[in-house]
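Peer 1: What follows is the residue order along each chain.
There are 2 protein chains.
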Amino acid sequence: MKFGGTSVADLERIARVGRHVAAEVAAGKKVAVVVSAMSGKTNELVAWTDGAGPAAMGLPPSDDEYDTVVASGEQVTAGLLAMTLRNMGLNARSWLGWQVPIYTDEAHGRARIDEIPGEKLLKAMDSGEIAVIAGFQGVTRDGRISTLGRGGSDTSAVAIAAAVGGACDIYTDVDGVYTTDPRIESKARKLERVSYEEMLEMASLGAKVLQTRSVELAMAQRVPVRVLSSLVEPGTAPGQGTIVCDEEEIMEKRIVSGVAYSRDEAKISLFGLPDHPGVSAQIFSRLADANVNVDMIVQSRARSTDSANMEFTVGKRDAGRAVEIMQGAKAEIGFSEIAVNEDVAKVSVIGVGMRSHAGVAKTMFTALGEKGVNIQVISTSEIKISVLIDAAYTELAVRALHAAYGLDQL
Amino acid sequence: MKFGGTSVADLERIARVGRHVAAEVAAGKKVAVVVSAMSGKTNELVAWTDGAGPAAMGLPPSDDEYDTVVASGEQVTAGLLAMTLRNMGLNARSWLGWQVPIYTDEAHGRARIDEIPGEKLLKAMDSGEIAVIAGFQGVTRDGRISTLGRGGSDTSAVAIAAAVGGACDIYTDVDGVYTTDPRIESKARKLERVSYEEMLEMASLGAKVLQTRSVELAMAQRVPVRVLSSLVEPGTAPGQGTIVCDEEEIMEKRIVSGVAYSRDEAKISLFGLPDHPGVSAQIFSRLADANVNVDMIVQSRARSTDSANMEFTVGKRDAGRAVEIMQGAKAEIGFSEIAVNEDVAKVSVIGVGMRSHAGVAKTMFTALGEKGVNIQVISTSEIKISVLIDAAYTELAVRALHAAYGLDQL
Chain Y
1 MKFGGTSVAD LERIARVGRH VAAEVAAGKK VAVVVSAMSG KTNELVAWTD
51 GAGPAAMGLP PSDDEYDTVV ASGEQVTAGL LAMTLRNMGL NARSWLGWQV
101 PIYTDEAHGR ARIDEIPGEK LLKAMDSGEI AVIAGFQGVT RDGRISTLGR
151 GGSDTSAVAI AAAVGGACDI YTDVDGVYTT DPRIESKARK LERVSYEEML
201 EMASLGAKVL QTRSVELAMA QRVPVRVLSS LVEPGTAPGQ GTIVCDEEEI
251 MEKRIVSGVA YSRDEAKISL FGLPDHPGVS AQIFSRLADA NVNVDMIVQS
301 RARSTDSANM EFTVGKRDAG RAVEIMQGAK AEIGFSEIAV NEDVAKVSVI
351 GVGMRSHAGV AKTMFTALGE KGVNIQVIST SEIKISVLID AAYTELAVRA
401 LHAAYGLDQL
Chain D
411 MKFGGTSVAD LERIARVGRH VAAEVAAGKK VAVVVSAMSG KTNELVAWTD
461 GAGPAAMGLP PSDDEYDTVV ASGEQVTAGL LAMTLRNMGL NARSWLGWQV
511 PIYTDEAHGR ARIDEIPGEK LLKAMDSGEI AVIAGFQGVT RDGRISTLGR
561 GGSDTSAVAI AAAVGGACDI YTDVDGVYTT DPRIESKARK LERVSYEEML
611 EMASLGAKVL QTRSVELAMA QRVPVRVLSS LVEPGTAPGQ GTIVCDEEEI
661 MEKRIVSGVA YSRDEAKISL FGLPDHPGVS AQIFSRLADA NVNVDMIVQS
711 RARSTDSANM EFTVGKRDAG RAVEIMQGAK AEIGFSEIAV NEDVAKVSVI
761 GVGMRSHAGV AKTMFTALGE KGVNIQVIST SEIKISVLID AAYTELAVRA
811 LHAAYGLDQL
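Residue numbers (my numbering), protein chains in the order written: chain Y, 1 to 410; chain D, 411 to 820.
Please keep in mind that the hints were generated in silico from the structure rather than gathered at the bench. If you're wondering where the values come from, they're calculated on a predicted model, not measured in any experiment. Quick reminder that beta carbons are idealized off the backbone N, C-alpha and C, glycines included. Hints may be right or wrong, so weigh each one.
[Said to hold, decoys possible] Examples of chain D residues toward chain Y, derived with CB under 8 Å:
hint, residue
1, Val456
2, Thr459
3, Ala466
4, Met493
5, Thr494
6, Leu500
7, Ser504
8, Tyr513
9, Ala517
10, Gly519
11, Phe694
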């Protein structure tokens, strides 16, 4: 069971988490619970590190000391939940990353879990003790505290489930995975099941319900994941949330399972590039060296000249840096002009059914065309199609696509 | 170097602590720094544990989970100070109790340090790294976080100094140990040196500058301790603080070194006790079983009867419980009446010179008598005399004694 920051925001909510845990124990299950920091706490801690640490010197903000400070938030919640469970008459104890241990690499601030020896946890759980585990944190082989990056508690939970051979229930502030964001389309419907592949695309493409890495890990380790609401009392939920599982376990076949969107994009355009091989390597190797992730790319030939144009998208917070890098290499790359547009959004349709169905793209482009939405860049994979559009059309596009694929009538 | 909660209350003060550390490093010293939680943080954490933990069930508030939660405060400060030092171009890292390791017993919430293997710390310090150590916390042999009780960071600092063979500078919000509380007597003077024995009595008798256990430990391990101010910029302090050391190292001999007071006392009186052997054992074994510490005791024979009266003092917060225990055993003990008086204060004079000087008590009683201060209970040791008086006379008594022993003319 994993509970995020809003689910443990105060003692009253932690008590409700305790009741959810008690219900699982009463159902005869052995339980490990992974918790995030109380909401707001991580921000407070990060603000202090910004004032004291490398960020105050204009350096990358994450290091071993950043992790030592920031990991304390989950430590507090783990202790408080263990206390709460004991007061309910249950047997429980907290486990910090170094106590489990949850071994990670040394990439502080965005560490990856390499190994979780599950023996100690399993022994404690077999003896009837509920294991309350601080999420988001681990320990390096040389005994320093590490953290997994924002949203890392989902990854902790899936990794713990894999280590003890269990299933993973992610309790959050929504009651499942929806066909699209219900705040934009009130006809959005909860999915009973969604495949790992689809969930992974949804997470990458902007649906915030699960962290991308946690889905990758669940898929790789075949950990059954369920998303359900922590905001209701146990036993009162109308459904069972959404199960994330193998494609084969999904009976009801759909061509498209969901529409995702992200406003966290910026489009950078380079004009008047020399039209010869190697120019894209020039551009993208420079960005890769600076750790700027590039998402969508389109290259086009200018009509009347023999020069080319290149457009690509990066995360909004990387846009300034990407422009600087390009400006700094203007002579070597040889472009004549650069433009950046932050008023863009990426809208995507996702579905494993695309593999065997033609016409999915046509439906998308037709639906957007009918609403007068201009498509700036397109990118596709086997199970998704993404388009970059003017951000002002985001809601309109999401609703049009939701209807076009019949998602409101599932 | 040890810095308490008010010295690290915010990032600005942590930066000043950094400058104090840098000054020591510049003077060619190898430095370990022990820090408390930012002031107010421990209270916030304790309040949460009160709401979630055993205290909410009326049980003793400290356990392993309490320690896990509360120790996070020092973890944050240690990380922030290590970051601050690095930003100043110094080499530093934080050490948590389990990383050093600072091994303690399993008495959670009031654990005692049993052993600090100093090798890892020494190796780091020898390589030129400043060790920033989270105070107040340790780890049990089975890997749970423990805490040393309120004020425990002083003890951490002395224990670390002993482990690495160093001296211990306690930076606090006063610039040394005074002959009495300067808020009561403006003529109070800072002592250049004070013996371990005197400091121990002063700490036990109400002077709040050092925690009693830290002085015991410094005395046992012969760790040189200095008390000085963190609230000034390094290099600007007018003096060198107060050195706590062996009696033999103090040149200037004094009969009395200080006047201490405590308002944290309550006097309990039992009247009409049977005057036979064993009655005091009846009383005090019951209080000891309930962990109530008794301080001063006086027994007297009632004039006109063959019954006796007994008066004793306990800490104010234990008074209610002590009365309950006595009431519950009224028949067995056989007293006729019980009274409790919380309007009392204990005033003490302390000095190693008492060992070889007669007349110290006489001076005390005369000085108090001249001011019309009535003495309710007296207790003495080799190097102190304490009297219990009406709390309203506290300041008057402190000033009278300070003058009577010539402390304002040192």
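Peer 1: Now tell me, hint by hint, if it's right for this structure.
Peer 2: For each hint, the structure was consulted:
no., hint, verdict
1, Val456, "12 Å, violated"
2, Thr459, "6 Å, holds"
3, Ala466, "6 Å, holds"
4, Met493, "4 Å, holds"
5, Thr494, "5 Å, holds"
6, Leu500, "13 Å, violated"
7, Ser504, "5 Å, holds"
8, Tyr513, "15 Å, violated"
9, Ala517, "17 Å, violated"
10, Gly519, "13 Å, violated"
11, Phe694, "34 Å, violated"
The earlier numbered hints that this structure contradicts are 1, 6, 8, 9, 10 and 11.
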